[in-house]
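Going down the list, the sequences are from chains A and B.
The first sequence begins at 1 in our numbering and counts up one residue at a time.
The second sequence begins at 1001 in our numbering and counts up one residue at a time.
A few of these clues could be false.
Stated by the list, open to error - Calculated pairs, DSBU-like style, for lysine-lysine (alpha carbon to alpha carbon, straight line, at most 30 Å):
| id | chain 1 | residue 1 | chain 2 | residue 2 |
| --- | --- | --- | --- | --- |
| 1 | B | 1309 | A | 129 |
| 2 | A | 27 | A | 6 |
| 3 | B | 1399 | A | 205 |
| 4 | B | 1014 | A | 13 |
| 5 | B | 1309 | B | 1013 |
| 6 | B | 1356 | B | 1342 |
| 7 | A | 114 | A | 63 |
| 8 | A | 6 | A | 205 |
| 9 | B | 1342 | A | 114 |
| 10 | A | 124 | B | 1356 |
| 11 | A | 111 | B | 1081 |
| 12 | A | 124 | A | 152 |
| 13 | A | 13 | A | 63 |
| 14 | A | 13 | A | 27 |
| 15 | A | 114 | B | 1230 |
| 16 | A | 131 | B | 1342 |
| 17 | B | 1356 | A | 131 |
| 18 | A | 13 | B | 1399 |
| 19 | B | 1149 | A | 114 |
| 20 | B | 1309 | B | 1399 |
| 21 | B | 1227 | A | 131 |
| 22 | A | 127 | B | 1146 |
| 23 | B | 1167 | A | 131 |
| 24 | A | 152 | A | 13 |
| 25 | B | 1227 | A | 129 |
| 26 | B | 1008 | A | 124 |
| 27 | B | 1356 | A | 63 |
| 28 | B | 1146 | B | 1081 |
| 29 | A | 127 | B | 1013 |
| 30 | B | 1008 | A | 129 |
| 31 | B | 1356 | A | 152 |
| 32 | A | 6 | A | 131 |
Note that these hints are calculated values from the structure, not bench results.
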Amino acid sequence: MELELKNVSKEFKGVHAVSDVSVSMRKGVYGLLGVNGAGKTTLMRMLCTLIRPTSGEITWEGKNILEMGAAYRDVLGYLPQDFGYYPDLSISDYMMYIASIKGIRPMAARKRTKQLLGQVGMAKYEKRKMKTLSGGMARRIGIAQAMLNNPKILVLDEPTAGLDPNERIRFRNLISELSDDRLVLLSTHIVSDVEFIANQIMLMKNGELFYEGTTEELISSMDESVWHCTVPKNKANDFMARYLVGNVKTAPKGAELRILSKEPPMEGAVREEATLEDAFLLYFGEKAGDIDDTEI
Amino acid sequence: MILRYELKKVLSKKLNRIILIGTLLAAAALSMFAVGGVSYVDREGTVHAGPASTRRLAADRSRWAGELTEDKIAQAVNSRKEIRNRYPYDIPNEEYGKTIQAYNDITDFAIDVLTPDEGWDERVLYQLEDGQAEDLYSIYEANQQKMAKEYGRTPEQRQFLEEQYSKIELPLTYAPMDSWDTILVYVETYGMILAIVVGFLAAGVFAEEFRSRADAVFFSSKYGRTKAAKSKVAAGLLIATIVYWTGMGILLLISLGIMGVSGFDTLYQIEHPYSIYVMTYGQYCLLAVLGGYIANLLAASVTMLIAAKLRSASVAVCVPFFLFCVMQFIGRALSNFLTFFKLTPDMLVNVLGCAKSINIFQIGDYVFRQIPCVMMIYFVTAVILLPFVYRSYHCYGLKKKGI
Ligand SMILES: Nc1ncnc2c1ncn2[C@@H]1O[C@H](COP(=O)(O)OP(=O)(O)OP(=O)(O)O)[C@@H](O)[C@H]1O
Ligand SMILES: [Mg+2]
C-alpha cells in the first residue's frame, strides 16, 4: 500500500497552487494542515484524478494513477471539501446511485449502505431527501458514500469544517474508527482535528509541503519553547508584536499570554509543554490572527 | 442499474415531474383541439362540431369512397357546376350538407390537378368544358410531365420526378381522410413541443453534476468516467424515446380513437396531386411521427453535448427551441437563396410542408428528395454526436496537459 507523489506541481494561470510536492504515504492517518489557500484541496483533487498535475507524477503501488483509471478509482473514496449531492434524491437512493457508479452490485450495495448509514448514525433518516439534511448530516452521508467501496485510500477534505464542537468530536472518532487498514488523508486547518487521530502530520504552505512527520517529531522539532505569562494589559500589544503569541486571555490582573520563544519572554514566565497547536503557530506564525479566528 | 438511478434522478426533480405531466396533458388537450377542429354540416344545414363530427363527416363522404374513376370525378364536377349555376354567390348550408360536403375532396382534387403550379383557383372547375372532367386523369398525367420538366433542372432530376409520378396508380382510390388530415398538423406541433421538453430533460442529465456540485464524487468514482458516462448517454436517449412515444401515443390514440382511421390507405395525392412523395395518409402520418422522433433524438444528443461541454444546462435547453422553432422562420426567409436552408432541422417537424413542395437535390447522378435527406442527415448527426458527449465526460478536467 503505497501512494507516492513525485515532484507534483499544479499551476492555475500563473498561480502555483501546488509546487513540487514529493511524499510517500502508506497505511495510516495523514493530517494535512495548512491555512486557507495553501493548496490542500488542489493536492487532493489531483490525488482523486479530478485534475491533472502540471508536472510530476502520482503513483499507486508503483503505477501512474491516471493511467490506472477505473482500477485506481476503485480503491479510492473521496469526500470533497465542497460536498455536493443530488438534492432531490432520498438518502438511500443517493447511496445506491453512488454505489452503482462505483460498480457495486445492488445486493451488496444495499447491505453496505445499511451498514454505513448505521455507522454514521443516519439509518433512521434513510428515506429523507438529501436537501432536507443539515450540514453535519450531509457530511456524514459524505463520509458514508466515500466508504461505500471500502476504499484503500480515503481522502477527506476538511471533513469537520462547519460542524459544531460535539459533532466534530463525533466525526473525529468516526474517522479514527474507519481508518483501520487503509490510508486516510485528512485535510484541515484546525489542529485539534488531527492532533489525536493522525499518525503523520504534513504541513503545507503556499503550495509547498514543508514538513512531514509524526506529531511527536513535529513538536520536538521546535526550537522554541512555550511560555505562559501574565502581562499588564497595556503591554500586551507590545508582546504580540515581538513574539509569536498563541492564546490570549484577558484576566483581572492583566493579559495571560501563551508565547513561543527560545528564551523566557519575561521574568516569571512559566514553561509549558508544547502541543501540536504551538507547532502550527510556529510554522504558520505570521498568520497568527487567522489561526485564532478559525479556532472553535 | 446505473441507468435506473439516472432516470430516478431525473424523475426525482419536482420541476421535471411537473413538465412531464404537463406535456402528457398537452397531448390530451391537443387531441381535443384536433377533434374539435372538424365540423360537419347535416342535411338541414346545421353545422356540428364536436367529438362525433369527424365520424359523421366520414360517413357522409364515404358515399363517394372506392375507386375514383373519371366518371365519378365528372359526376362530382358536374354537380358542383350545376349548383354553382343555381347559386352564383352564396351556397346555402342545406345544399352544402346535402351534396357538396360529400364530394368536396373530389372537386378539390380536380381543382388541384388543374392548377399544378399556380394558386388554388376554384374557377378552373367552372371553366371546364363538357367532357374535360371525364378526361381529368389525362390532364393529370400531362401536367405531371410538365411539372417534371419544370422542376427537373437536369435530365437525371427529370427522370427522377417522372419515376415518382409513375408510381401513382390511376385511378386513385378515395376514402374520407379528414381525421388524418387534421391529426398531421398536431403531430408536428406536438413533436416540436416534445423535442423542447426532451432537450430540457436530457440537458439536465449532463448538467446535474455541475449544478449540484456533485461532480467531484461522480468523477472520482470507479465508473464515473466510463460506464456511468455511457449510462448517462443511454438515459438521455431513453428519455427521448419514452417521452416521445408516450406523448405521441397518447395524442394519436385519443384523436384517432375519437375521429376514426378512415383514409389510412388513401393516397396523399388526393390532396396534393403533384407531391413527389407517393404515400398514403397512414404512411404519411408514420413518416411525420418518425420525423418527430428523429427531431427528439437530435434534441437529446445536441443538448447533452452542449450541457456536458458548458457544464450547465442553461444554454443547452434553449437550443431545441432554436433548432426547431426559430430555424423555421430563418429557413423560410432564406431557403430561396440557399439550398442549405431547405435542409434545416426544423424540416423534421415540418414533414407536412416538405411533402407539398418539390424539393430535390442532386449529387453526381444521384437525385434525392428533401424528406429522406433531412431525416438521414439529422439521424446521423444525432448518432455521431453521442461519442463526443461521452468523451467530454470521460476526459472531464484532464484534457489538456499543462494549464
Ligand atoms: N480552479 C482554480 N483556478 C484558479 N486558481 C485556483 C483554482 N483552484 C485553486 N486555485 C488557487 O490555488 C490556490 C490553492 O487553493 P486550494 O483550494 O488548493 O487551497 P486550500 O488549501 O484547499 O484552501 P482552503 O483551506 O481555503 O480550502 C489558491 O490560491 C487558489 O486561489
Ligand atoms: Mg481546500
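**Prompt:** Between residue 13 (chain A) and residue 27 (chain A), does the CA-CA distance stay at or below 30 Å?
**Reply:** The given pair, whose Cα atoms are some 35 Å apart, is violated under the 30 Å limit.
**Message:** For a C-alpha distance cap of 30 Å, please report whether residue 1356 (chain B) and residue 1342 (chain B) respect it.
**Reply:** This hinted pair holds, its Cα atoms lying about 13 Å apart.
**Prompt:** Is residue 13 (chain A) close enough to residue 63 (chain A), meaning Cα to Cα at most 30 Å?
**Reply:** Holds, at roughly 29 Å.
**30 Å Cα cutoff - pair residue 27 (chain A), residue 6 (chain A)** = 18 Å, holds
**Asked** Is it true that the CA of residue 1014 (chain B) sits at most 30 Å from the CA of residue 13 (chain A)?
**Response** 40 Å, violated
**Message:** Next pair to validate is residue 1356 (chain B) with residue 63 (chain A); report whether the Cα-Cα distance is within 30 Å.
**Reply:** Violated - the C-alpha atoms of residue 63 (chain A) and residue 1356 (chain B) are around 64 Å apart, more than 30 Å.
**Prompt:** Under the criterion that the straight-line Cα-Cα distance not exceed 30 Å, is the pair residue 1342 (chain B), residue 114 (chain A) satisfied?
**Reply:** 58 Å, violated
**Asked** Is the straight-line distance between the alpha-carbon of residue 13 (chain A) and that of residue 1399 (chain B) 30 Å or less?
**Response** 16 Å, holds
**Asked** residue 127 (chain A) and residue 1013 (chain B): Cα distance at most 30 Å?
**Response** Roughly 16 Å between the alpha carbons, so the hint for residue 127 (chain A) and residue 1013 (chain B) holds.
**Item:** Pairwise hint evaluation, residue 1230 (chain B) against residue 114 (chain A), where the allowed Cα distance is 30 Å at most
**Value:** 28 Å, holds
**Message:** Hint check: residue 124 (chain A) vs residue 1356 (chain B), CA-CA at most 30 Å. Holds or violated?
**Reply:** Status violated; Cα separation ~64 Å.
**Message:** Against the 30 Å threshold, does the CA-CA distance of residue 1399 (chain B) and residue 205 (chain A) hold or violate the hint?
**Reply:** 28 Å, holds
Comparing the model with each numbered hint stated earlier shows that hints 4, 7, 9, 10, 11, 14, 16, 17, 19, 22, 23, 24, 27, 31, 32 do not hold.
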